[in-house]
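Student: The chain contents come next:
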Amino acid sequence: MTQLVEKRTVDMQIIGDWVEPSTRVLDLGCGRGELLDYLVQTKQVSALGVDLDFGKITACVRRGVPAYQGDMIACMASFPARHFDRVICSRTVQELHAPASVIAEALRVARSVTVGFVNHAFWKNRLDLLVRGRKARNAVYTTPWAESRPANPVSVADFEDFCTAQGIRITRRALLMGDWKTPCPALPNLLAGYALYDLTR
Amino acid sequence: MAIASLLFHRMTDEIEAPSAPASAPRYLAADEVGLVTSQDFVYPRAFTFKNGQQLSGLALRYETYGTLNATRDNAVLICHALSGNHHAAGWNSPADKKPGWWNNLIGPGKAVDTRRFFVICANVPGGCSGSTGPSSPNPATGEPYGLRFPALTILDMVRAQKLLLDHLGVAELHTVIGGSMGGMTAMLFAIEFPRFTRRLLAMATTAREGAQAIAFNEVGRQAIMQDPAWLNGDYPRDGGPRVGLAIARMMAHITYLSDASMERKFGRRTIQSRAQSPQLHSELPASGAPPSDSPLSTLNSQPSAAAADFNIQFEVESYLRHQGQTFINRFDANSYLYITRALDQFDLDHAYGSLEQAFAPVQAESLVVGFTSDWLFPPEQNRAIALALLRAGKRASYAELATDLGHDSFLLESEELYALVRGFLERDQPYASDFAI
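Chains A and B are the protein sequences, given in the same order. Residues in the first sequence are numbered from 10 upward in steps of one, following this note's numbering. Residues in the second sequence are numbered from 463 upward in steps of one, following this note's numbering.
It should be emphasised that the hints constitute simulated quantities derived from the structure, not laboratory data. For each residue, glycine too, the CB sits at the ideal point set by N, CA and C. Take these hints with a grain of salt, some might be off.
[Said to hold, decoys possible] Here are some, though not all, of the chain B residues that point toward chain A, as calculated from beta-carbon distances under 7 angstroms:
| no. | residue |
| --- | --- |
| 1 | Ala861 |
| 2 | Glu862 |
| 3 | Leu863 |
| 4 | Leu882 |
| 5 | Phe886 |
Take the sequences, apply the hints, and build the full model.
Tutor: Here it is, written out as structure tokens:
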């Protein structure tokens, strides 16, 4: 799993580059608070995480990262517009019931919204389906379908189409190859393994 | 669910005969605070209540566990709930069957670690466990204050406990912790003494009771005040509205549990279907029983052919009557009136204009914990506190533990809850002194 840990670090570094110092950051699906902890330490942000799991909130509390246990839409709904500088949605969109509402609400409570996701149209995933005729299984998709959480996989093209249709402006984008390190030079919907976007209205 | 069975073990301790003692008494165990002696703090000057009324002096009974450090900043204040008191941990005597009410949380190596923290718990003013309250003698007359005791608020509890902390030489509170009414007290501590309070941990609480909670308190008060033995609060020390108080407690106790937990614990089991120590029921025709023409006389199960059908049949009835019976032996009816009124009056939104404004001065880092099955102070009301703190720009967290034990879940023996509390108290990162908007 060291491969995954490295990938997580890459994600953190790029987001860390994008986050302005001493800003207010809300992390949707904050998990155990690693990203926010990193941003607190490197960018002195005012952090808040949201997650559904008591154990993850406990982990955040233990590392001193403020965290809210509950539904992310309900949480955001209780804040006034532009309360936060940035909302981060890192590797969470594919598990949302209503991603459009979450992104819309995030764009209300923050100036910018950072979305990171695994590109489901990555060529290896396509091959799994095309050649093997089976659900992708690799370091990212570790479980067979019967053991997987409900997922709503998204591709680079899906996401950019969505932003265009919704009038959401993409201010920055980072597209990485399958190693989640090397910048993807071309054909991102086919070649990018991981995509990060900075959005604004 | 293991945690549930643990709590039920605790709850059933009260209705079952004490189990055989272990080879070494539990109070001597290394992870217990052991034998503790309650102490009295007597504030020698006049204490002015929020409504302007004064008492010439005020006594608070309290206990402490652990040691105040050299910098006098390792103090943890525990705030008790409506029917609680200063005896939060340990045993007052080797003969005590049960330790203090939050003994599972407080002790050497426990979630609130007394090797690290100086833990203080005081009986609130208006209470009846040694602190000055309606049952205390009025120095002017020598008789109990009764309803001449000043109207009580949560703010009075906070101010009185601050006097105690000053007396003990506490420079600042590392954490103030409370559940239910104790959560209200803890929140108000962080609001009223912001530079003094570094961390706030409030559980199963509310910034303002809803109509339902007020309604339950009112039924309890009416049960007491409609008892002919209440005598406008001027009942003798050895008497009083015992039936009314028992009924108030029986009803309130239901609100501390949940449908699921009562179903699991009692179901429809009847008394006959379970071998039960017989002395339990002989206690129930309580002393201070109402006259037989009282509408409350059915509580007093007199053996008569017509009434026999209304004797205890179900285990849940037996349990509630036992709760009522044990309560009247340790609680004062006027204190119950005063404290429930203080609970009903507590309204942070109204007192400060809005919840955000109430929390504006707070400097404490906060953790609010709700419990999914708490229908008295439900999760939404706990969530509202955390969200208002966050909107006010404070460092605050909200955690919600899935339990089916109702409001009393905050007293749960749960490793998950312990880990959360310990994590909140012991993390070593420095807290931000101010978290400006």
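Student: Can the hint on B:Glu862 be confirmed by a CB-to-CB distance to chain A that is less than 7 angstroms?
Tutor: Check passed: Cβ of B:Glu862 comes within 5 angstroms of chain A, closer than 7 angstroms.
Student: Answer holds if the nearest beta-carbon of chain A is closer than 7 angstroms to that of B:Ala861; otherwise answer violated.
Tutor: holds (5 angstroms)
Student: Does B:Leu863 hold up as a contact with chain A if the rule is Cβ-Cβ below 7 angstroms?
Tutor: holds (6 angstroms)
Student: Min Cβ distance, B:Phe886 to chain A: is it shorter than 7 angstroms?
Tutor: holds (5 angstroms)
Student: Double-check B:Leu882 for me: the hint is only fine if its C-beta lies closer than 7 angstroms to a C-beta in chain A.
Tutor: OK, holds: B:Leu882 within 7 angstroms of chain A, min 5 angstroms.
In summary, the structure agrees with every hint in the numbered list given earlier.
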